[in-house]
Each structure stands twice: as C-alpha cells, then as structure tokens.
Amino acid sequence: MKILSRSEELVLLAIWKLEHDAYCVPIRNRLIKITGKNWSFGSIYDPLERLEKKGLLDSFLTDPINERGGRRKRIYRLTPLGKKALLEIKSIHDASWADVRGLKPETNKV
Amino acid sequence: MTMKTSNYIKPPRIAEWMLKSVYSDKGEYTHLGDFREVFNEMYQGKGFLFAWLWYWFQVIRSLRGLISNKIYWSTLMFKNYLVISFRNIIKNKWFSVTNITGLAVGMACFILILAYVQFEMSFDRFHEKAGSIHLVISHDSYMKSNVEEYSAQTPELLAKALTDSIPEIVNATRIMKPWTKKAVLQNNEKSFYETGLYADGNFLSIFSFPLIKGNKIESLASPNSIVISESAAKKLFGNEDPIGKSIEYKERHKQFNLHITGVLKNPPPNSHLQFDYLISVPTLIADKSNSFMINTWEVGNFITYVEVKKGSKAIVEGKFPPFLKKYEQKGYQLYLQPLKDIHLRSHFWRETSTNNEMKYIYLFISIAFVILLIACINYMNLATARAATRSKEIGIRKVAGANRTQLFKQFIGESFIVALLALGIALVLIKLSLPYFCSLVGIDIQINYLHNTALMILLILTVMFVGIASGSYPAIVLSALKPVSILRDFVRSGKKGSRMRNIFVVVQFSASIILIIGTIIIFGQMNYIKTKRLGYDREHVAVIPIRTREAMKETSVIKTELLNFPEVEGVSVSGGLPTNIRSRLLGLKLEKDNGEKVKMQMCFDYVDYDFLDVFKIELLQGRNFSREYGSDKNGVIFNETAVKKMGWEEPLGKKFSFMREDCHIIGVVKDFYFASLHSHIEPMFLSLEDGSNIAVRLKPGNVPRNISLLKETFEKNSHGQPFDFYFLDDAFNQLYRREQRTGKAFEYFAILAVLIACLGLLGLSAFTVEQRTKEIGIRKVLGASVPQIMTLLTKEFVKLVVIANVIAFPVAYFAMSKWLQNFAYHISISPWMFILAAAAALGIAFLTISYQTFRAAASNPVDTLRYE
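Sequence order for the protein chains is A and B. Throughout the first sequence, residue numbering follows our numbering, covering 768 to 877 in sequence. Throughout the second sequence, residue numbering follows our numbering, covering 7 to 874 in sequence.
Because the hints were derived from the structure by calculation, they are not lab data. This one's a predicted model, so the numbers in the text were calculated from it and none came from an experiment. Don't be surprised by glycine CBs; every beta carbon is placed ideally from N, CA and C.
Calculated cross-link-like contacts (lysine to any residue; reagent style SDA-like; alpha-carbon spacing at most 20 angstroms): (1) B/16 / A/839; (2) B/135 / B/275; (3) B/16 / A/831; (4) B/415 / B/84; (5) B/319 / B/137; (6) B/565 / B/731; (7) B/32 / A/819; (8) B/650 / B/670; (9) B/16 / A/837; (10) A/804 / B/60; (11) B/26 / A/832; (12) B/32 / A/808; (13) A/800 / B/47; (14) B/166 / B/319; (15) B/651 / B/607.
Which chain B residues face chain A? A few, computed with CB under 7 angstroms, are given here: (16) 14; (17) 34; (18) 35; (19) 36; (20) 38; (21) 39; (22) 40; (23) 42.
Take these sequences, add in the hints, and give me the full structure.
In structure tokens, the structure reads:
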C-alpha cells in the first residue's frame, strides 16, 4: 500500500481526534487551528472522498438538520485499514526523525 | 442554542444554487449544509456583510474550476464525437451522399425562397417616414363592379384640402403618371425611352429617394424642372454634369423643354415607385391642355400620399366622411393604405406598379418548409434505419458510463455536422442557381451574406432547424436503446421504428403528391388560358405604340404604306387593344326598352374601321364601322354583355349621349375577353376615333424580316420617334405573368421535392434489402423466382405511396379549387389529374426502388448464405 500524503494524514488524524462529530466543518476548523493556514472546503472534500474510496474511511449520514438548511451531515470514521495506515505513517515519521540533530531555525536571517 | 436558531439566516439564494452545481455528494448535497454552518458562524462573529462576501467568494472560486473542468471534458468528448461522426460519414459513403445531397438541395431551396420572401417583404421600408406615409384611395359607392373597386387615383384638390382641414395629416404630396408609359428624353442627338412620374415639390422631402445633385426642396418647385435618375443622366450626358442643362421631353400629346434641376439615385428595386425621371407638377399645371383636371374635384388623375402623425391612421379615416361632406363630395369614400402594405396587400385600379400578393408569399413560404421537411425526414429515416449498425457503439458507450443525455447530445451533434456540411454545399448550389431563380420569380435578388444580417440569421436558423428537426428523433430512438439487449442479442431495428419510418415516408410522399397535383392543375389552367377561344385572334399581331405627337400625325401614312407590303394582312390604329381595354365610364346614361333610365358602368375604347377585321372579332348584329357612312363618327358598337345587361330586344339604332355627342348603336359584337380571365366580361362599346397603337397583322413567316419592314416604314415617317414594338401574344401573356411564374416555380419545386423524397426512398430501400439478404437467399433456395421476390420487396413501398395518395388528394383538391377561384373562367378539377399524379408518384417510387430490389432478387443465394 502507498504511503499516505501529508494532507491525508492530517485529515485522518483530525477525524480520529474528533471521534463522533467528524464531519467537514469541524475537520476543517481543526486543521486551520493546527496548521495556522486557511483550508478551503475543496481541499477537505478531495482527500475525504479519496480516502473513502481507498477504504481508509467510511461514512454515514445524520438526520436532516434545520440549521444546515435541511441538509444532512456526513460523518466519517476510520476503518481498521485507516487506523493501520495512520500507525504506519507514524512509524515512518518516528524512524525518519529518530536521529536528526542540529535542525533548528536560522537565527541570523534578516 | 436558542440564540443560534433565532439568529439563523440563509445565504444568498443564487450563490447557493450555483454552489449546488459544483458538487453533489451522491445527491445529498451535504456540502451546502457545511457552507451554511460556516456562513452562520461568520455572520455571528463578523457580521452579515463579511459572511455574505465570504460566501460569494467561495462560489466564485469554485466556479473557475468547475468551468474549466466542464470545458476540458466536453472538448475531449466533442473531439471524440467529431471523429466518430466523420468516420461514420466516410464509412457509409452511399448513405452520407444521399443524406447530405438531399439536405443541401432542400436547404438551397429554403434559403432561396426565403431570400425572395425577404425581398418582397422589404418593399418601401427604406423610406425614413415609411411608417407614417399612406396612400389615399377612393372607393366609389356607385361602382357596382366586383373588380378593383378601390382606385388609387384622386382629384387634384384633395391633397391641399386634406392638409388644411385634418390636423393629423402633417403633409401631403401628389404624383401623376404621364399619359404614356414611356416617354422620350432627348439631349440633342441622344434620345431614350424612359418611364417617369410627375411629382409635387415636397415629394422628395416626404419620400427618401436620395438626391446626388440638387436640392430636395427646390428642385421640383418650379415649372419646367425635371429631376433624372443617375442611370438616365449617364445615358444622356455621359460624364458631364447635367445640372442646369435642358432636355426635350416628348410624349404622345405633349412636348416640353425641361431644365434638369437634380440627379437622383436610381430607386431601389424594392420600391413600389419606379421611375427614371420626375417632372415638377407645376409643369403639368402650367400646361393649358391639362386644365380639365386642375383645380377640380371632378377628375381624379392624381395619386395622393399623406404623411400622418404616428398612430393616427384610424383617427384620420374617421375624419374623412365629415371632410367629404364639408367639400360637398358625394358618391365615394376615402381610405388610407399604409405605404409598407402597398406592395403585398393592395390591388387597386390604376395602381402605380404591379404588385404581389400576400397569399403568394405564404404559398412560397409553405413550399420552402415542405421541401426542407422532406429533406429532414430523409435524414431521420436513414439514421433510425441504420440504428442496428450503430447499436454496438451505443451499447459500448452506455456500458462505459455514457448517460442518455450524452448520447442524445452526440446524435444531435452528428446531425448538426451533417447539416453544416449540407449548408456548405447548399451555398454553392445557391450561387450556381441564383440567376435561374431570379429569372423564375422575375426579380433581381442580390444575396450578400455579410451585409444582410437577416440572411445570416436565416442561415444559422436553417442549420439549427435542420439539425434539431432531423436529429432529434434518431437521437431519442438511438439513445433509448438498452445496452444489455444490444450487446447480448444484437437487436435489429425494431418493429416500432419501422412503423414510424413508414409514417414519415407517407408524409413525404403526400407532400410531393400535393405539389405534383398543384403543378398539373396550374399547368392545365395556364394551358386553358392560352388555348381558350377569346373571341379574337392574337397570333401574328405586332403592335407599335406611338409615343410622340409628330408620329401621331403620321399614323394614316404609316398605315397605308404598311398595307402595300404583301406580308401585311391588315393594319388597325386603335386606342386600346383586345387584350386590354381599360378605359371606363362610371355612369353612362342609357334607356331601357320600358323607358327606364339607368346609369351603367361601361368600358370603352377608340378604334378604327379595320379593328374588327384585324383582330378577327365576330359581329353578331348590325354592321362594322364603314367609310361609306358619313355619320359613323357617331356610331358605336356594343358588346353582347352590354346588350344583355340592358335587356334590349333590338339594340341597333339605340341612342345615347357620350362625350357631349349623340351616338347610336350600329352593331353588336360577340363577347371577347378584353381583360384578363380573372374577371368577368364587362359591358363595353367601341367608338370610332384616332388611337395611338398601330396593330399589324402579319402573314406567318419570316419574323425578323417582317419586323425590319415595320421598322423601316415606321422610322421613315415617325419624325425621330425610335421604333419599338411588341407582339400581342406577349402582351396577353403579361396578364398572367404572376400565375405563370407561380406555376413555373411550383413546377420546379415540385420536381425537387419529389427528387429529394426519392433519394430518401432509395436509401431506405437499400437498407431494407440489405437487412433481408439472408431471407431472400433462403427464399431463392426454396424456389422463389426473381419477380416473386421483387414483388415482395416492392409491395411495402408501393403500399406507402398509395396511402400517401389517399391523404394528398383531399388536401390538394381543397387547395387547388381555392386557387382556381381566382379566375372568373377556369378549368374544373377532374379525376384524371389525380390519377396522373398518383401514377407519377408510384412510377417514380417504383423506379427508385427497383434497382435495389432487382439487385437483391437476382443475387446468388450462395453468396448470401455461404457463412451460415
């Protein structure tokens, strides 16, 4: 299996963290908070759809909600395969960061 | 939570609608909910404006991607469709040629006819004031005749009286036709026949005939001024400046020396007023011999146009009765005819031009659509018939995920490509056939696509119409095929499809048969007119019109000299000719046998002693004019109808007063048709007086030599009037020019329609035969003969053509009997016409399919069954 991309990894992690309320809006909010950058909806829908297709995620629909103009929420959960992929990427991270030394921001830059 | 719901707002509706199209999430549109949530959050945190702007920004940002995505995929698919279409066109050459030729011919006819219609509809619209100019027409209430009751001619005083007493009439102008249709314009040695008008000083400021030189207010204001057209100026003066020059103007009774005060652009062909010169009305008034029609209400020789305030036509017409009362005018009413309608919707006595009729325009439009429809049906039939051969492609596409809309678009697109190819060929055909078409309808149409927006739009619409009309049915049928059944058991085109095709064939042939019957009946009526015994003999008669006063004096000399030639059988000098006696008296006072005095409307003409002999008109009672009777100046000859109307037992010797003279009847002629067969024979009489047409009855023989004899003799005595002649036969044909043109046009278009329909039948029969090759093979193996198989294959098509006949007959009968009612004298519709049309249609259809059926029937069964 291919290694997850960075955005896929971030999305999967966010879903894991959000537990039962993992739909697009909180996922996006969380990503914005963590990365400090603006995430468009498109940049969330895309990986979500891709991950679901790959079988790392599955989703279900809630009942229609008034505040959402009568639209349902699509709530995502990690599948076992998703969890495995996350763990795998973590081990890659750990391994690749294990003996990195002296990597710090340049201070004398104007 | 309660706070939130109460403050809950909706995002902009349009924006949300646009966002909906970006993404569907399997039809759930959950993303819209997401956007709403964030939108409300923003609204609560940062206010409505911020949220609103944010939402719109999201939409716009996503739209860019959406559009480029759509374009990318659709071009990709379009390229594919294009490739497939062209492959199909090339692969099935026979089929494509049939289709494209049919469509091209249909489109060429369609565009030509509509260009003609456009020209006819554009008459007199180029005048700036076209919307407010009206022709004043009069209607005599005591004229009981049923033809041309409305007259375009009105008295001289009318124009001024109208502007004085009706405030809605802004301006009025008058024109008058010269006494002779053509007059001589002479500049020293150069002289030419030209047609023209007398026109009021304000004529050029009301009508927009642009002047090249001269002043539009002054040029026609004073006596002895003439404005000539560009082409007349070129002929008379070459490149010299004609302004201020003087020319001689000669017509039968008059001769003027006129000063040129302006040069006009030639009137455009779509003007109902056509002229090469305009002479000022003051010239006419200054001429003492015209005093009888000047300053009077009694004689109406002028044509009056008024400019009314916008939209006040009805108001003005409402004011006419009190107006006429004020001026003590009795016995007639006035009406307004809008300028734009003159060409197509007027038919008045003494009109300025021969006009067309709206019903012929409608007729042409219907023919155009019928032909195009026949061509479109060809495409539909052949495309659906061939569904089987393309079903695999459709099946694969469907399996690969194409939905019905996409397939529909593909097939519509294909028909558009075919329509475009056909248009290309049609444009070439139009270019080639335009001269013939122009002479067919009798006008010079310029087809200039780039300068004619309407025509451009027409081209686009034609392609759209053909694309949609011919493509939509096949597209529906083909896109509805079920992939599973196609790919599993290779369907043949179904029973239902063939029923529809049969209906189409019936429609095509019905239309063609209607056109054939129309042609036969028009041809029959024209032939009837040509061969009808009209009561006079119009063959071998040459007519020389006299147009100048000097030549007028010499008529008797010319007549005597002509009679010396052995080639000349007889000569008559008369006012009118038997084809055309138009002078009309409104109320001739006559007395019936019982003493009752009546006023009768009568036609009359001036003739000489030889008129009846030259034209071979039969005398019923009494005698012809004779030189032996000194009193014949007062004798008149009545026609049968007049005598019958009066109910006289003994018409000879009856007295009445005409032109302040006492006249008596010396003879009665058998009725002859002195007008066109559109109208009934009217009461008429002939009187002895000088005329201005020399009619020469020639012995049949060498026509050019005879004409040169006439020319020599005439020019020797005419004092400079150029020789000019026509055959009476041609003048007679002129009376039916419109019908003849319609007939000819009908004939050609009927032939084309039949050809196109046959093209379709040819393709269809080829297809049917191809589908049944194996069946035919088996039949042959089992002992069927070639004729048997041919009958089998032909039977179906013949059945369709027979049904088409049944449908076409009543329609054609109804339409053509209406047309025949235009003629007071006409043929009756007889069954043989229908039988002939049916036989023609059947024969043509049979010939068309026989090639294919014969080939199939004669084929060796071994070849067709080898691989089973």
